[in-house]
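K.L.:
These are the residues of each chain, in order.
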Amino acid sequence: MPPAASVEPLQAALVISAAVAEPAADVTAAPVALVLPADCRIAAQVALKQALMEALETDAIVLDGRAVERADTAALQLLTLFQREVKARGSCLSWCGASDALNEAAGLLGLTQILELPAAALA
Amino acid sequence: MSAVDLSQFHKTFFDESREGLDAMEAALLALDAGSADTELVHTIFRAAHSIKGGAATFGFTDVAAFTHVAESLLEEVRSGRRPVDAELTELLLRSVDCLRVMLDRSSSGQPVVDAASEDLRAELVRLVSGATAAVATPVTSAAANVTGWEIVFTALPHLLQTGNDPLRLFRELQQLGRLEVVRAFIVDAAPERLAEVDPTACYLGWVLHLHGNVARADVDAVFDWLDGDCELVIHPLAEPPVATVAGVLAAAEGSPSPLPLPLQRRRATDTAAGSKPESAAVSVEGSSIRVGIDKIDALINMMGELVITQSMLSEIGETFQPSQLTRLREGLVQLERNTRELQESVMRIRMLPIGSIFNRFPRLVHDLERKLGKRVKLELHGEHTELDKTVLEKIGDPLVHLVRNAIDHGLESPERRRAAGKSETGTLRLDAYHEGSNIVVQISDDGAGLNREAIIAKALHSGLINASQELGDADVAELIFQPGFSTAAAATDLSGRGVGMDVVRRNVRDLGGSVGVRSVSGKGSTFTIALPLTLAIIDGLVTAVGDERYIVPLISIVESLRLRSDSVRRIAGGGEVFHFRDAYLPILRLHQAFACADAVTDIERGIVVVVEEDGRRVGLLVDDLLGQQQAVVKSLEAHYRRVQGVSGATILSDGSVALIVDVGGVVRLGRPCKAA
Amino acid sequence: MRGMVAFTLRGAGHAVTEAENGLLALDVARGGAFDLVLADVNMPVMDGISMVRELRAMDAYRGVPILMLTTESHTEKKMEGKAAGATGWLVKPFDPEQLLATVKRVLG
Numbered sequence: 001m002p003p004a005a006s007v008e009p010l011q012a013a014l015v016i017s018a019a020v021a022e023p024a025a026d027v028t029a030a031p032v033a034l035v036l037p038a039d040c041r042i043a044a045q046v047a048l049k050q051a052l053m054e055a056l057e058t059d060a061i062v063l064d065g066r067a068v069e070r071a072d073t074a075a076l077q078l079l080t081l082f083q084r085e086v087k088a089r090g091s092c093l094s095w096c097g098a099s100d101a102l103n104e105a106a107g108l109l110g111l112t113q114i115l116e117l118p119a120a121a122l123a
Numbered sequence: 001m002s003a004v005d006l007s008q009f010h011k012t013f014f015d016e017s018r019e020g021l022d023a024m025e026a027a028l029l030a031l032d033a034g035s036a037d038t039e040l041v042h043t044i045f046r047a048a049h050s051i052k053g054g055a056a057t058f059g060f061t062d063v064a065a066f067t068h069v070a071e072s073l074l075e076e077v078r079s080g081r082r083p084v085d086a087e088l089t090e091l092l093l094r095s096v097d098c099l100r101v102m103l104d105r106s107s108s109g110q111p112v113v114d115a116a117s118e119d120l121r122a123e124l125v126r127l128v129s130g131a132t133a134a135v136a137t138p139v140t141s142a143a144a145n146v147t148g149w150e151i152v153f154t155a156l157p158h159l160l161q162t163g164n165d166p167l168r169l170f171r172e173l174q175q176l177g178r179l180e181v182v183r184a185f186i187v188d189a190a191p192e193r194l195a196e197v198d199p200t201a202c203y204l205g206w207v208l209h210l211h212g213n214v215a216r217a218d219v220d221a222v223f224d225w226l227d228g229d230c231e232l233v234i235h236p237l238a239e240p241p242v243a244t245v246a247g248v249l250a251a252a253e254g255s256p257s258p259l260p261l262p263l264q265r266r267r268a269t270d271t272a273a274g275s276k277p278e279s280a281a282v283s284v285e286g287s288s289i290r291v292g293i294d295k296i297d298a299l300i301n302m303m304g305e306l307v308i309t310q311s312m313l314s315e316i317g318e319t320f321q322p323s324q325l326t327r328l329r330e331g332l333v334q335l336e337r338n339t340r341e342l343q344e345s346v347m348r349i350r351m352l353p354i355g356s357i358f359n360r361f362p363r364l365v366h367d368l369e370r371k372l373g374k375r376v377k378l379e380l381h382g383e384h385t386e387l388d389k390t391v392l393e394k395i396g397d398p399l400v401h402l403v404r405n406a407i408d409h410g411l412e413s414p415e416r417r418r419a420a421g422k423s424e425t426g427t428l429r430l431d432a433y434h435e436g437s438n439i440v441v442q443i444s445d446d447g448a449g450l451n452r453e454a455i456i457a458k459a460l461h462s463g464l465i466n467a468s469q470e471l472g473d474a475d476v477a478e479l480i481f482q483p484g485f486s487t488a489a490a491a492t493d494l495s496g497r498g499v500g501m502d503v504v505r506r507n508v509r510d511l512g513g514s515v516g517v518r519s520v521s522g523k524g525s526t527f528t529i530a531l532p533l534t535l536a537i538i539d540g541l542v543t544a545v546g547d548e549r550y551i552v553p554l555i556s557i558v559e560s561l562r563l564r565s566d567s568v569r570r571i572a573g574g575g576e577v578f579h580f581r582d583a584y585l586p587i588l589r590l591h592q593a594f595a596c597a598d599a600v601t602d603i604e605r606g607i608v609v610v611v612e613e614d615g616r617r618v619g620l621l622v623d624d625l626l627g628q629q630q631a632v633v634k635s636l637e638a639h640y641r642r643v644q645g646v647s648g649a650t651i652l653s654d655g656s657v658a659l660i661v662d663v664g665g666v667v668r669l670g671r672p673c674k675a676a
Numbered sequence: 001m002r003g004m005v006a007f008t009l010r011g012a013g014h015a016v017t018e019a020e021n022g023l024l025a026l027d028v029a030r031g032g033a034f035d036l037v038l039a040d041v042n043m044p045v046m047d048g049i050s051m052v053r054e055l056r057a058m059d060a061y062r063g064v065p066i067l068m069l070t071t072e073s074h075t076e077k078k079m080e081g082k083a084a085g086a087t088g089w090l091v092k093p094f095d096p097e098q099l100l101a102t103v104k105r106v107l108g
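Protein chains in written order, with the numbering used here: chain A, 1 to 123; chain B, 1 to 676; chain C, 1 to 108.
It is worth saying that the hints were derived from the structure and are not from the lab.
Some hints here could point you the wrong way.
Here are a few chain C residues that sit away from chain B, every Cβ distance over 12 Å (derived from the structure) [what the hints assert, rightly or not]:
1. Val5
2. Arg10
3. Thr17
4. Glu18
5. Glu20
6. Met46
7. Asp59
8. Lys82
9. Thr87
10. Phe94
11. Pro96
If the Cβ cut is set under 8 Å, some of the chain B residues that face chain A in the computed set are [said to hold, decoys possible]:
12. Arg183
13. Ala184
14. Ala190
15. Arg193
16. Tyr203
The beta carbon of each residue, even a glycine, is placed where N, CA and C say it ideally should be.
From just these sequences and the hints, can you work out the full model?
P.N.:
Dropping the structure here:
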């Protein structure tokens, strides 16, 4: 993480539902992926939760974590609680990729397995 | 490993735990005195930790569970998260008391937990920040090697809103050592449904293992901003415990419900934590003694010499010729020396430092200070002075009484001390030292001294003296030791226990000792107890009665004198009395009492030894005084039978047997006559 | 004080924006995204503790580390700051090494 401090602009706080809004650029049958924002930290979680709530209503849920540059405990926690509910509903969560940043944070917090995150290399 | 019978180590565990509790208590009292010494805190923590580890290992789950909570509390103190205040020390002192009781019960196989201990445990749990008890953490055995730390870290909901992201904390921990996230968990308080989740609140907890040689302080530093934002339990990480122990540990960790014995809950006011355990122990462990290795070494050395002497003598014996007489004598002299040294060494094994008794007093003084609103500085001197184990065990209560008495009656309140121009804090000094063949224990205070008027008034009231009697200071002081005299003028709940100074004196006398008091009005009092070095050896005066030798314990002798026949009066009933220091004392002719032949019957030719017991005096008529001698007391009962007026026998230097006069018994033979 | 802190941080390669008091700082904070806020407890117009409270109420600053500059003796201030949502403390008198170490610790 860059030690440089301040006036860095908020990187893409609300890219959240890009994928949801523009349904499936390519294949029609392919499930819609929810793209996690680059700055996936506490300030983005209210919006992310909203998006996840909507995603819950679909059968096959795909998360795209490839764009995530910064993630914090709030994000990983929300995903964990989301995953728990997905399981409880008998649905299935899959990833179409996760960035190094996301994987590192999940690993450090011991949540990689619960989240069933793919290795970053596969992304 | 599970096949090892752990019970063989139980006794050691109990001994060491009690020592640990003593150390805890001493350190707590030192802390209370205002020193914020971190070393003291560490001492307390270590003691608690060892007890917990041992208790868990040996399956004393209740003790382990109790100590665990106390340890958690201490942990907070140690890491600086909780300040030391009077309330905390008080609570911990009560925990020490409670643990003593629990250990006693464990060792005698009684149910360990009662309402009082559970209440205290609940109090501790409440104090420990957060519900740490709810977190399942394995207790680590104290004996195992610490290879890092187990950190159970449970976020409180607002944690993330303080900017303290666990990710950052974990990264910091990674800098210290290898961090292993054993488990991440969602707290029970988390909403079931995503819809209800506050995405900025934290619902997670972690069990972390930080491997490596990491200082505890460094671990604490990582969390130093999180006070009140999380629940944190940090334990040393140990080598994996043995399977059986692990099972026990799990049980110890849980609530007190899985008790092996049916738990009898008693709501009794007198079973408050700290009160004595119900005395009737189911099984009494054999009394044991801890002996310094140097004493054992000395014994072994002496045994070696004895063996050499023995082989030398037997060699002479096999081929004895008259020319070897000198060598034989030399050998016998050597044997005698060996035997004597061996005897002394064996006796020394029974000698224990009086410090083990003195160590009780800081606590007692602390409690009394609070109770009586007095301020006392306790000084202990000569803790290393050694006493016979039996004497030591029996001198405890009299000393406790004297200390209570000194604080209760001797030392004045801070206000009165200030008014008298003294410092507000009174000084109570305990000394122990050798003096000749005696051990002297002194209890001195710088209080008001004996209240002469009050004592005289009290003595008049109880009929111990009459108004016409002229009393010197020594006589007045003597009054407080009289049976029937109680300092009840201001009977507080401390001294009004029906135990008076007469009981103290009797107990000391039973040990062959004496007790006296010196007092200066306004300056303080000094009680002096003189005890024989060991019970088995007395200083005696060897007297001749006919062909027999009788030994009179020196401690009982007031004076020896030759009487003129005209100073002896005959009284009705055939008794003889003589005038001695303003009183008439009965004369007891030892030759009559013990039916000795050929004894001196003419009083003018014999010697009268005035002896005293319990304030009663009689004159013993003997033929002659032969000298003073230390005598090793042999029990007559063990070898023959009990004989009235004789407390034992000893062997004199010429090999003959002498009987030791039981002064108490003999005095009772004489007519009662009260000494002034 | 502020000058020294800013100077030290810039010297270590951080981009720093300064504000004279709590109220001005809130404006600056709204105008940009900062990774760290350093606030003196004692500031004119709006003190540090009120500022922390305001910042924490802003979505963008929910989880941003905020360090308070206090003196060691001000334990009650620490508690207040903590209740308002401060992340941690920097203890005065000013020590450049300690400052950089703490900032590094917070920013990871």
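K.L.:
Run every hint past the structure and note whether it holds.
P.N.:
Right, here's what the structure says about each hint:
With a cut of 12 Å on Cβ distances, C:Val5 stays outside the contact zone with chain B, its closest approach being about 18 Å. Its beta-carbon lying about 22 Å from the closest one in chain B, C:Arg10 satisfies the requirement of being farther than 12 Å from that chain. Residue-level check passed: C:Thr17 sits 18 Å from the nearest beta carbon of chain B, beyond 12 Å. Every CB of chain B is more than 12 Å from the CB of C:Glu18 (nearest about 20 Å), matching its label as outside the interface.
At roughly 23 Å, the least C-beta separation between C:Glu20 and chain B is larger than 12 Å, which holds for a residue marked as non-interface. The Cβ of C:Met46 sits about 19 Å from the closest Cβ of chain B, beyond the 12 Å cut-off, so the non-interface label holds. With a closest Cβ-Cβ approach of about 9 Å to chain B, C:Asp59 is found to fall inside the 12 Å limit, against its non-interface label. Under the 12 Å C-beta cut-off, the non-interface status given to C:Lys82 relative to chain B is violated; the minimum distance is some 7 Å.
With 12 Å as the threshold on Cβ separation, the claim that C:Thr87 sits away from chain B is violated: the shortest Cβ distance comes to roughly 3 Å. Annotated as non-interface, C:Phe94 keeps its C-beta farther than 12 Å from every C-beta of chain B; the closest such distance is 19 Å. For C:Pro96, the requirement that its beta carbon stay farther than 12 Å from each beta carbon of chain B is met, with the minimum near 20 Å. This hint holds: B:Arg183 has a C-beta 7 Å from the nearest C-beta of chain A, less than the 8 Å allowed.
Proximity of B:Ala184 to chain A holds as hinted, the smallest CB-CB distance being about 4 Å (cut-off 8 Å). The beta carbon of B:Ala190 is positioned within 8 Å of a beta carbon in chain A (closest approach about 7 Å), and the interface hint is therefore held. A cut of 8 Å between beta carbons decides the hint on B:Arg193: the least distance to chain A is about 7 Å, and the hint holds. A least Cβ separation of about 6 Å between B:Tyr203 and chain A falls short of the 8 Å threshold, and the interface hint therefore holds.
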